[in-house]
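Those sequence lines, one after another, are chains A and B.
Residue 1 is where the first sequence starts when you use the working numbering, and the numbers rise one by one after that.
Residue 1 is where the second sequence starts when you use the working numbering, and the numbers rise one by one after that.
One thing to keep in mind: the hints can contain errors.
Stated by the list, open to error - Not the full set, but computed from the structure, chain B residues with beta-carbon under 10 Å of chain A:
1. Pro49
2. Leu83
3. Val120
4. Ile121
5. Phe135
6. Ala156
7. Gly159
8. Phe179
9. Leu183
10. Ala184
11. Ala188
12. Asp286
13. Phe288
14. Asp321
15. Ala329
16. Arg332
To be verified - Looking from chain A toward chain B, a few residues come up when the C-beta cut is under 7 Å (computed):
17. Gly146
18. Thr171
19. Leu175
Think of the hints as simulated: they come from the structure by calculation, not from any bench.
Predicted, not measured: the structure shown is a model, and the values here were computed from it.
The beta-carbon is built from N, C-alpha and C at its ideal position, and this holds for glycine as well.
2 protein chains.
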Amino acid sequence: MGLAAASSEHAPVAACGFAEATAVLRRLTADDLERVNETILDRMRSRAPMIPELAGHLLRAGGKRIRPMLTLAAARLFGYRGLEHVKLAAAVELIHGATLLHDDVVDGSALRRGAQTANVIWGNKESVLVGDYIFSRAFELMVSAGDLKVLQILSAASGVIAEGEVLQLSTQNNLDATFEMYLAVIEAKTAALFAAAAEAGAVIAGCSEEDAEALRRYGADLGVAYQLVDDALDYSGAEDALGKRVGDDFREGKMTLPVVLALARAEGEETAFWRRVIAEGRQDADDFDRARAIMRRAGAIEDTIGCARRYAETALASLQDVRGAKDEACLRALADLAAASTRRSN
Amino acid sequence: MGLAAASSEHAPVAACGFAEATAVLRRLTADDLERVNETILDRMRSRAPMIPELAGHLLRAGGKRIRPMLTLAAARLFGYRGLEHVKLAAAVELIHGATLLHDDVVDGSALRRGAQTANVIWGNKESVLVGDYIFSRAFELMVSAGDLKVLQILSAASGVIAEGEVLQLSTQNNLDATFEMYLAVIEAKTAALFAAAAEAGAVIAGCSEEDAEALRRYGADLGVAYQLVDDALDYSGAEDALGKRVGDDFREGKMTLPVVLALARAEGEETAFWRRVIAEGRQDADDFDRARAIMRRAGAIEDTIGCARRYAETALASLQDVRGAKDEACLRALADLAAASTRRSN
């Protein structure tokens, strides 16, 4: 069974919103997702009380759990009946969580998902060290799943993520950063974990190499689309819906695609404006509104979402290559997730 | 062949110094150690130029390479002929290096092994992210060695190390910290990696479970002895020999054994002194000299070294339990390392 059968031209992929698409996936994987949460809480026990406190704050703070759902859904897609995929999904979420902790220290962020960040509540030192702990526990968990091929996939991804974070640091405040450099950063810091999460679930289920590769490509392109939308929302989103402060990327001088596009299409004084606010980091209270106005005129947000849409379509095409799918509802849910990934508001 | 045969009462373990003992081990493992260095440099290549620069600074800065030598020597001890132990030894050194990078950020250290620290040269953000990268590459390397038992050993150790760092943070500036709490910290932050390094080398060589356990215990006790001496040297060492600033632990308010002992034996005004300098962190220019004088009177350094000596003897006893050793020179070198571990000046 393939997606071509499940969704012919006469039964197109649903045009539902992103929240709806993730809700379907969450229902499909509900039991396993509950086990993932239990596994995470169990692994965060420690003689150091600060560890479960800080980790609990981070992991309970209402993340969408998209990455672990990808692992769970990919395993289910290929008819997996074991429980090792729960460990892998938990490891994936822990790698993501550790990255967030260190990110917030590096960016000096004060708010995430509407809550104060751990670095503000507990401090930077604490966030660095507990992040290391979470990262280590993630590796222990994936080792306990006992599959060397999966270990290669996930350990390689974690290296790529860390490299992406370093690359991002070098593009920050750098007006020479190109679309290609931006893409390299988001492929590494975001898409690599989406790709590994999906591939790991497929591999633990024992699918063919071709199908594992298709899931990897699906995850990678979905990850790029997801990050592109994230970067657009930092300029176009509503403060409440985003759950973090709108304009964080702007204040940190990050060269995301909306800025890259607006700069490439700058008119008159605009180049000097971007130089001052991004390269020199000198920003006044109303500069963020001016940045948004320039982006509107330049079509920068629209084209960022357009770019995301092309990645989402490629992700969908990869799913259509899958030959050994055994769960139609799961295949459909993954397709809907990709299709809806550019229709999200948080 | 056992150590009892190699070193009978008539041929006691050599009373050489620590530098001499490590030099012997370094000669024995020279070819493999060279491969470890090559492997590390190879794994630090990256599209982000900052990564090889920062990692190169850290890893070339003249570390003693004791942990990777333990892995190499343990594998050799049991007659290992493959090359996977090189990957494991490199992974062990990388885990250690990543920990140092994050430690220096957390402690705000400016000097290590006589050189400026990476956080001073490149910055805190950079050190956090490159530390994550090094850590991830360490995992990739150990996965590539393809032995699940070894992966369990090393991934568990890295979790324990991170937990130890968090525990240490909670004992800092805390005059209620006991000897037991101090021991828990150094067992986790230092001894766990020594133990895993030795055990991993033994296991990859295919030794018996009993011998692997003996090597683990040897490494653990050697690690405690090593850290005890380190903590003594922070008060008794010479600035040049130590290659880092003497008194770092004091300035950071760390509750190491010399302080725990001096506080327990405090007379007159001394309790108030420790409260001010350690608990409240209020230190004058001549407080470090006063701390050293108090410690001399209380025998705190002497007894810290005495404690280290007992751990070193236990490490030696574990070596004597080894039944399947195939390399006498290696067995002797490991014994000498333990015996000499309390006779070091840096």
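Outcome of the hint check:
| no. | hint | in the structure |
| --- | --- | --- |
| 1 | Pro49 | holds, 8 Å |
| 2 | Leu83 | violated, 17 Å |
| 3 | Val120 | violated, 16 Å |
| 4 | Ile121 | violated, 15 Å |
| 5 | Phe135 | holds, 7 Å |
| 6 | Ala156 | holds, 6 Å |
| 7 | Gly159 | holds, 4 Å |
| 8 | Phe179 | violated, 16 Å |
| 9 | Leu183 | violated, 13 Å |
| 10 | Ala184 | holds, 7 Å |
| 11 | Ala188 | holds, 9 Å |
| 12 | Asp286 | violated, 28 Å |
| 13 | Phe288 | violated, 23 Å |
| 14 | Asp321 | violated, 28 Å |
| 15 | Ala329 | violated, 34 Å |
| 16 | Arg332 | violated, 34 Å |
| 17 | Gly146 | holds, 6 Å |
| 18 | Thr171 | violated, 10 Å |
| 19 | Leu175 | violated, 19 Å |
Checked against the numbered hints above, the structure breaks hints 2, 3, 4, 8, 9, 12, 13, 14, 15, 16, 18, 19 and satisfies the rest.
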